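**Q** Whenever a hint applies, use it, and build me the whole structure from the sequences.
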Amino acid sequence: MRGTGFISILVTKDPSVGLTVDDYAFNHVQSQFVEIFDIEQVEIFRGPQGTLFGKNTTGGAIAFTTIKPEVGGELAGRFEVNYGQFTSNDSDIEKFVRVNVPLGTLWHRTSDP
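Residue numbers for the sequence shown follow this note's numbering, so the first one is 921 and each next one is one higher.
Rather than coming from a laboratory, the hints here were simulated on the basis of the structure.
Quick caveat: nothing in here was measured; it's all calculated off a predicted structure.
A couple of the hints might just be wrong.
Said to hold, decoys possible - The following label-pair restraints were derived from C-beta to C-beta distances: (1) V1021 / R966: 20 to 26 Å; (2) I987 / R966: 23 to 29 Å; (3) V962 / E1000: 15 to 21 Å; (4) T971 / V1017: 23 to 29 Å; (5) V1017 / G974: 30 to 36 Å; (6) G967 / P989: 33 to 39 Å.
By construction, the Cβ of each residue, glycine as well, lies at the ideal position given by its N, Cα and C atoms.
**A** Structure representation (structure tokens):
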């Protein structure tokens, strides 16, 4: 999406596109590097969105909704490992874990990006 990037080295400036994850705003330059994992829905709002999302949304907003725990569901999980090598001296390993645990009438979901 055009306008979401921010190339200024000044951390005192704010981006023009707002980013929210589960209705929590990440409207600072350094907080827009969130891991995109365990996502249920992504909504793109074009144009000024100050009425719905507050400040720093003159260029639009992106709203992420994560997957909620399954009430009454079974024990389930997801494990993902990624390995990449961009140069001969650089490598990277990423892990993503998601577990849904039923606890009687209660439920608990853990997600570790």
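**Q** Confirm or reject each hint.
**A** Hint-by-hint comparison with the structure:
1. Between V1021 and R966 the beta carbons are some 39 Å apart, a value that contradicts the proposed interval 20 to 26 Å.
2. For I987 and R966, the hinted distance range of 23 to 29 Å is satisfied, since their beta carbons lie about 25 Å from each other.
3. Roughly 19 Å separates the CB atoms of V962 and E1000, a value that falls within the hinted 15 to 21 Å.
4. The hint said 23 to 29 Å for the Cβ distance between T971 and V1017, and at roughly 38 Å that hint is violated.
5. The beta-carbon spacing between V1017 and G974, approximately 32 Å, falls within the hinted interval of 30 to 36 Å.
6. A hinted range of 33 to 39 Å for the beta carbons of G967 and P989 is consistent with their spacing of about 34 Å.
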